[in-house]
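Trainee: Here is what each chain is made of, one letter per residue.
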Amino acid sequence: MIAAHGFKAGEYERLLELLIREPTLTELGIFSVMWSEHCSYKSSKVWLKTLPTTGPRVICGPGENAGVIDIGDGQAVIFKMESHNHPSFIEPYQGAATGVGGIMRDVFTMGARPIANLNALRFGSPEHPKTRHLVAGVVAGIGDYGNCVGVPTVGGETNFDAGYNGNILVNAMCVGLARTDKIFYSAASGAGNPVVYVGSKTGRDGIHGATMASAEFDEKSDEKRPTVQVGDPFTEKLLIEACLELMAGDTILAIQDMGAAGLTSSSIEMASKGGSGVEMWLERVPQREATMTAYEIMLSESQERMLMVLRPGSEAAAEAIFRKWELDFAVVGITTDTGSIVIKHHGAVEADIPTAALADEAPQYNRPTAPRAAPAVIRAQDVPAMPLREALLKLMASPHLASRRWIWEQYDHMVMGDTVVRPGGDSAVVRVDGSNKALALTCDVTPRYCYADPYEGGKQAVAETWRNLTAVGADPIAITNCLNFGNPERPEIMWEFAECIRGITDACRALDFPVVSGNVSLYNETNGVAIPPTPAIGGVGLIPDISRIARINALEPDDHILLIGNHQGDSALELGQSLYQQLTIGKFYGKPPRVDLDHEHNAGNFVRRLIRQGVTRCVHDLSDGGMLVALAEMALASNIGLKHIGFSGEFPPYHAEAFGEDQGCYLVAIKDTELDAVFESAQIYSSEYVLTCLVVAQAGGDSIVIPGEVPIKLDELRTLHEGWLPQYMNGKSI
Amino acid sequence: MKARIKVTLKNGVLDPQGRAIVNALESLGFNGVKDVRSGKYIEVTLAETDPAKARADVERMCRELLSNPVMENFQFELEEA
Amino acid sequence: MKARIKVTLKNGVLDPQGRAIVNALESLGFNGVKDVRSGKYIEVTLAETDPAKARADVERMCRELLSNPVMENFQFELEEA
Amino acid sequence: MRASVVVFPGSNCDRDIARTLAAVTGRPTAMVWHADTDLPESDLIVLPGGFSYGDYLRSGAMAAHSPVVRAVVERAKAGVAVLGVCNGFQVLTEAGLLPGALMRNALLKYVCRDVTLSVERNDTIFTKGYEERKPIMIPIAHKDGCYFADEDALDRVEGEGRVAFRYTGDNPNGSRRNIAGVYSENLRVLGLMPHPERLADPALGGTDGEMLFKSLFVAFNR
Ligand SMILES: Nc1ncnc2c1ncn2[C@@H]1O[C@H](COP(=O)(O)OP(=O)(O)O)[C@@H](O)[C@H]1O
Ligand SMILES: [Mg+2]
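Chains as they are written, first to last, in the numbering used here: chain A, 1 to 734; chain B, 735 to 815; chain C, 816 to 896; chain D, 897 to 1118.
No wet-lab data here; the hints were simulated from the structure.
Hints may contain errors.
[What the hints assert, rightly or not] Capping the alpha-carbon separation at 20 Å, the derived lysine to aspartate or glutamate pairs in DMTMM-like fashion look like this:
1) A:Lys273 / A:Glu289
2) B:Lys740 / C:Asp865
3) A:Lys324 / D:Asp1051
4) C:Lys849 / B:Glu814
[What the hints assert, rightly or not] Residues of chain B clear of chain D, computed beta-carbon distances all greater than 10 Å:
5) Lys736
6) Arg738
7) Pro750
8) Ile755
9) Ser761
10) Tyr775
11) Lys787
12) Arg789
13) Glu811
14) Glu813
[Claimed, not checked] Simulated DEER-style distance windows between Cβ atoms:
15) A:Gly347 / B:Asn807: 35 to 41 Å
16) C:Pro866 / D:Ala974: 41 to 47 Å
17) B:Asn745 / A:Gly434: 57 to 63 Å
Just so it is clear, CB atoms sit at the ideal spot from N, CA and C, and this is done for glycine as well.
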């Protein structure tokens, strides 16, 4: 029974010491979930503490339901990213849907109206028999949930890699908008205040797996078996409207969504943060089934529920709002000054635990780490040359780079009427309703870089996020993260984790880009095979004036395309971990490209200045696939050919220049009349900072003309680039 | 042969559609609706004429495609087409 | 009483869901699937104990809410709950 | 022009369309909660997009039976203009104010993207400002937008000049005869799947949708 509750060595003994007696079954369940990795962050906390989390705009950093950033004019952006990996592997549609629902609740709990969703998805290799089914289910689940709630899903990223065959990743991000004077927190201080339950009824959804093995239940009885969590986006929509309506007044003292471990973690977090206690009467909890036990009610993960502490006397007015929205509302307890959580069910005390034992006294580990050997630098000459045309066509049609339109067209990305830049570019741009300001939103990480060199990979994830925000003209202001790793009890995995954090930290410091919220998902492994380390970064940028932005698809005939950045730095002649390397050799290996953070900062600031000055309206950064791929993406998106492409190297093959994944570089479209001025300012800038600025292509025609090769018709390229994913999903290709 | 297949949610699995139907029926003035559970109905026409083989096939179709074993049950009847 | 209601598409109404199931069954290796029609299955539990009254009620529920006569037919069975 | 937007639980384009209406008319739009049966005096009643009552069972089916829609039907019969967009169109067909039904998209997936439409006639209160036959670009965003009616009904609707818009590029959802929107017999009730309110602001990439609201504005401010 104790083992079935997942305690690690020594943890149960610690529980006995704290409680000074044997726990009841309900108490055992409560300790089990509160001390789980998911709730306690026991393996990751020591490292998370090292992240930079402050800055002039930060109103609230990690620790609350979501991070809060000041965007001026009395407005705040509230955002967070969260994983729903395991549930999505078991039941992709519901798993992904409830992931979206959960992250939105984290955001509106704090008083924000959700205004945009993003999702970072990692699937196994396309050949794997489960992949197609998982992609279909996850995308439909995310779409159906967000579409119904009416929050636009404006971006994300999608990878296919055999490293996720047994453990897919579904990371959902939500961004909301609030008034800085109307932000709600979860700390329930003070005694004698009513504890109120609102939303859906409680059923046996997703109860901790331990119940399956617990003696009280008959495994054969279908009736009592915990069930898959089912999301109801309609109820979520009502819950958002009802909560925001109540939040317009001042009756809420504390509020907390019921996420993982439902009523247990929400009530304990509220009490422990507020230094109070709480007593609850479970028979008052709205229930879907007649015969639920205290254990089940406390551990249920039924969706679309919230817990709040109200100002005494305001219950009736609050209830009227929730009734209007046809939601359940029940006073289920009261705050106390005992410092304990007391759970009563029909008068019987089912649990009585000091909240400190569950929260502050939860186990914490500084787990051992063991590094892998550093990989070697892969020079251009180590990788065979393939004709550039052939390589470009193959890369653009590959699972890595093929268009994700099939995914984002299933998401309503326009509802709410403020989507200025839709999916398909570097960042989505969502206007702050009723103003000229906008937010830029993206999420990024390159897991193969993180595997090869976790420190560089962590840095790169932050830098790419920053770059994608810069590429649309935004000031990058803060990030959230979702750190997906394998089993932390293995020193190699713990090392990956620690190194990624170190990389993220250095990049955040150098780029003034604080971490304001995040989530950790460990144990993503099957049969001892872990996923590649995947610290997904979600970034938010601020655009002061939507008339001064750049897009990937604004190229016009005769525009010159400048490469701005450090393309001739030490990584220019490397191909380690590039998509091109995998295309020609069949695998990724060696050292990934490095990010020079000073350079990143300087190049980005220069590009942003050009956008703000109105000198360019078309920008795209270099990432997966390198320069030639970025050029082709810009041409396709704009539906204009490239009548000339030039390389700076002295002689062919130009494969490293074309496909090397150099960091900190942008393609910037400039009109002929502006060219001299841009060069001049680049020259002045580079007297102080390192900056390369050279013309690499000119727009025009309906083909991409690579020197010495047959021109590539845009239509042919488009068919290949747009074709792969729909054909794969139809079962017509691998 | 023809298989008439019903796919229903397992007990305890939330059925928001069923609940919505209850509410709608009530607002239409139907009192006394105690519960509604929603599911799928699928008719499959098979070339197979041997009942035993057809039964085995349909069983496998239900298990592998037509129902989601994590949250659904199925049952079916077979008849001459 | 309990009503077991099947709502099906009228003949001649295109059924892309059914079509997709045929394709999926084929790719799973089921040959000899001649046709699939997809529909809804709804179980309504009623407080009513009089079969005639229950029948009239369910008939009206189907007509007014549970099916859309533009494209769907319905049929149902009643049984003691 | 006095415009009212009906808000069902689950509506989610109500604010968007109210904002567009307010921008065009220069006065606030009345928002009518689904439980209210006394609609304010209105020249135009709008049923917005979204997922009314969760769109369970069939899209629009639950809303069609709500008290407020019964009141809308009364007004429509009295000649008041009614516009149903997306979910609003589904509600109007379910309520019997417009012919046909909206079924699951032929490709079974939700689809959100711009489509081009032909304006079939530019002599109604909704379309007077559009140039005849000039295609317009408006986004769609739906899973159940495949317009269906039997052949006789389709012939009748076409014969009576009640097709409002057709998809001119790829048919995005399998709609019969590429129909994207239809009128009532008196041409004062319009239902359409595309969202004109979504391209009515240059900052969002287009303004073709705005003319529908401007046409109404002109019609009611003669
Ligand atoms: N799962 C997804 N959901 C929504 N949009 C996605 C998803 N995956 C990719 N996209 C979109 O496709 C485009 C290309 O993605 P990506 O190649 O990751 O861009 P970048 O290289 O600029 O980070 C982006 O606009 C992104 O938002
Ligand atoms: Mg980019």
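Trainee: Each hint should be assessed against the structure and marked as holding or not.
Mentor: Here is how each hint holds up against the structure:
no.: 1; hint: A:Lys273 / A:Glu289; verdict: 32 Å, violated
no.: 2; hint: B:Lys740 / C:Asp865; verdict: 26 Å, violated
no.: 3; hint: A:Lys324 / D:Asp1051; verdict: 44 Å, violated
no.: 4; hint: C:Lys849 / B:Glu814; verdict: 14 Å, holds
no.: 5; hint: Lys736; verdict: 23 Å, holds
no.: 6; hint: Arg738; verdict: 21 Å, holds
no.: 7; hint: Pro750; verdict: 6 Å, violated
no.: 8; hint: Ile755; verdict: 6 Å, violated
no.: 9; hint: Ser761; verdict: 7 Å, violated
no.: 10; hint: Tyr775; verdict: 14 Å, holds
no.: 11; hint: Lys787; verdict: 30 Å, holds
no.: 12; hint: Arg789; verdict: 29 Å, holds
no.: 13; hint: Glu811; verdict: 25 Å, holds
no.: 14; hint: Glu813; verdict: 27 Å, holds
no.: 15; hint: A:Gly347 / B:Asn807: 35 to 41 Å; verdict: 37 Å, holds
no.: 16; hint: C:Pro866 / D:Ala974: 41 to 47 Å; verdict: 43 Å, holds
no.: 17; hint: B:Asn745 / A:Gly434: 57 to 63 Å; verdict: 48 Å, violated
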